[in-house]
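Listed here are the chains, written in short residue letters.
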Amino acid sequence: MSTVTTTPTAGGTPAEPAPSSGSRRPLRATRQDERYRRGVGRWFVLAAAILVALLMLSPFVIMVLNAFKSPAEYSQDGPLSIPKELYLEGVQNFWTRTNFPQKLWNSVFISALVAVFGTLLSLLSAYAIGVGRIKGRLWIVTLFLVANMLPQEALIYPLFDMAQKVGLSNSQWSIIIIFTVIQAAFGTYLLASVLGTFPPALLEAAQLDGAGRWRILWQVVYPIVKPTLGVLMIFFFIWTWNEFFIPLVMLTTNDTQTIPIALASLQGDRMMDAPTTNAGALVSLIPALIFFLIFQRTLTRGVTAGAVK
Amino acid sequence: MTTRTDTVPEAGPGPAREASRATAAPRRRRRPAWLPYLPYLLPGAVAFVVVIGYPFVMNVYYSLFKWRGGMAPMRWYGLGNYADLMNDSAFWTSFQNSIAMILAMVVAPTLIGLVLAAVLFDYLGRRFGPRVAAFLRATYYLPQILPVAVAGVLWNWILNAQTGALNVILRGIGIENPPNWLGDTTTALPSVMLVLIWVQIGYPVVIFMSALQRVDPELYEAAELDGAGWWRRFRAITIPQIRPETFVVTLTCTVAALKVFGPIYVLTRGGPESSTLVPSYYSYLNFFDKSKVGYGAAVATVLTLVIIVVAVVILALQSRAERREQEGR
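Chains as they are written, first to last, in the UniProt record's numbering: chain A, 1 to 309; chain B, 1 to 329.
So here's chain A without its partners, still in its complex pose (with noise of 0.2 Å):
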């Protein structure tokens, strides 16, 4: 198990010695392009490139074709077909049906408390780990890993009993205060290694200044990792934002579920035909795919966080 912690510790070297090679770049770097530049055969791997894009992307494209069309259009002219008019139906259809307003609103409302809740929980236990140096640092960080591997029905049947006993079955808060605690068990392992390479002279010149933990907390350390918070929220909200296992379970009335709860239970309805099942698919990825696009990067940044080298 050493080497969870040998990870932390290295996080902080990739950041050395990369800027003292990209300097030396830009001298050959107009040379090397036009060296690059040249020949056919990159135009033949581009191609296959844009092959597997499009392999990766036909699924949505063939659904955002059928999920404009009607019932009739579609048995008639196949999945393939351009719609002929915007048939609009199949969205208000699922729309209506799944209450979706509702539903998006109980996706965000968890999702952002969760990512609020989960990065404060997680900033407190990793200031404790990594600039309070607790003993047994070693043993809590290991712990909090494997408590984010666990699956989660090695503990649902109790959680599921708990929430009934505490009058929080079928509701919101359940999910909130579990997740919370799942998202801050890895948001505490990566913010702990970030933390255990936290300058000392800053901490010891706050101290001088006679600052306590508590402000030191929110004056020093807090402003210094407030970007890699932004990540781990925005982590936790899209994490939280796909669970399905535990709401599944957790939720089980039509006003308190999420959207892929809602697209999911509308699955075994014999009613949903073809363009419906496509718009309902459409709609749900929406807000996803918006978030996608805002945070595109801090996303490519995020997946990486978590294999800090």
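Calculated from the structure, these hints are not laboratory results.
Check each hint, because a few of them may be wrong.
Okay, the calculated beta carbon distance ranges per label pair [claimed, not checked]: (1) Y61/B / N99/A: 36 to 44 Å; (2) Y61/B / G230/A: 35 to 43 Å; (3) F288/B / W95/A: 27 to 35 Å; (4) L111/B / A112/A: 31 to 39 Å; (5) V40/A / D88/B: 56 to 64 Å.
Here are the simulated BS3-like pairs of lysine-lysine, each with C-alpha atoms no more than 27 Å apart in a straight line [claimed, not checked]: (6) K165/A / K290/B; (7) K66/B / K165/A; (8) K66/B / K292/B; (9) K290/B / K66/B; (10) K226/A / K135/A; (11) K226/A / K292/B.
A short list of chain B residues far from chain A (calculated; beta carbon distances all over 10 Å) [stated by the list, open to error]: (12) M58; (13) T304; (14) R324; (15) E325.
Only a predicted model underlies this, so the values are computations on that prediction, with no experimental measurement involved.
Note that CB positions come from ideal geometry on N, CA and C, so glycine has one too.
With chain A's structure known, arrange chain B on it following the hints.
Chain B in isolation, oriented as in the chain A frame:
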């Protein structure tokens, strides 16, 4: 690591103690410097115990009983549930299918992702600019941002025997009886695997591309001047340089593959005839469908054990590889 551990707690409070709180010094010296930080760990620790620790212990406890759940009486069964599992063919099928999930979520995406990332970064990125590479990368990553239930519903329609896009297309090009992809025992598992590959590919591509940014470009330049072709450079530089990230991808994806639930629930519900059954769905089935809570808890406990063992093995392999590399230098 060790130097840092020494400097922070001692050098940290040290000067402050002498400068401003000279009177408090003797009393403070006896207390370890980390002690005042303990309250900051408290909320996390309490939350962890309530939401993860206690439920997990309770799950193991439940697995020792025959219990129909809720107010029904709990009958002590000892390790009986575990013994029953050993003779349960569905249980074994579910773990066999886990291997298929690992192929679809770890092996295939990692191999494909490795090639895609290398092509994007060190071939297309240089020839057509980083924007082209970034755009293609985003395209590959798109399925990853979808709620897995949405992806499942979409594919469920595409693969539907009667009205699904795939079979409509196949009939259009003259194939009379296209397969019932998700409804046939022989095609259901491969179909699910294809969907999972589609979902997973973007993750290794993004990780590997950022790993490649870390590699010193001079390595490639030197190799190129020595006359090494793209394939040689890929094998001699790219693969060894991004080994740490490969371990991370392998670890996280293997754990995810063992835990997979959403796609199975939405696509096949384990069917037909258990051909796509996975451990997590099997435990869900026992909990909430068959009302065999103790049995479901036993399945979940075994799954947890398997995940921890697999994770420890991967981490051990990683540290061994790291050690070897350091000794090599």
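request  = Would you check whether the claim that T304/B is not at the interface survives, using Cβ distances to chain A and the 10 Å cut-off?
outcome  = violated, 5 Å
Least C-beta distance from R324/B to chain A larger than 10 Å = R324/B is indeed farther than 10 Å from all Cβ atoms of chain A, at 13 Å.
key: V40/A versus D88/B beta-carbon gap, inside 56 to 64 Å or not   = At 59 Å between Cβs, range holds.
inquiry  = Holds or violated: K66/B and K292/B, Cα atoms, limit 27 Å.
reply    = holds, 7 Å
Outcome of range test on Cβ distance (Y61/B, N99/A; 36 to 44 Å) = holds, 39 Å
ask   = Has the given pair, K290/B with K66/B, been kept, meaning a C-alpha gap of at most 27 Å?
value = Holds. K290/B to K66/B sits at ~12 Å (cutoff 27 Å).
request  = Hey, is M58/B genuinely clear of chain A, shortest beta carbon separation above 10 Å?
outcome  = violated, 4 Å
task = Kindly confirm whether 27 to 35 Å is satisfied by the beta carbon distance between F288/B and W95/A.
result = About 29 Å separates the Cβ atoms of F288/B and W95/A, which means 27 to 35 Å holds.
message = Over 10 Å from every CB of chain A: does E325/B meet that, or does the non-interface label fail?
response = Correct as stated: the minimum Cβ-Cβ distance to chain A is 12 Å, above 10 Å.
message = K165/A and K290/B were given as a pair; does the straight-line alpha-carbon distance stay at or below 27 Å?
response = This hinted pair holds, its Cα atoms lying about 22 Å apart.
inquiry  = Looking only at beta-carbon atoms, does the pair Y61/B, G230/A fall within the given range of 35 to 43 Å?
reply    = holds, 40 Å
request  = Below or equal to 27 Å on CA atoms is what counts here, so check K226/A against K292/B.
outcome  = violated, 47 Å
Of the hints listed earlier, those the structure fails to meet are numbers 11, 12 and 13, in rising order.
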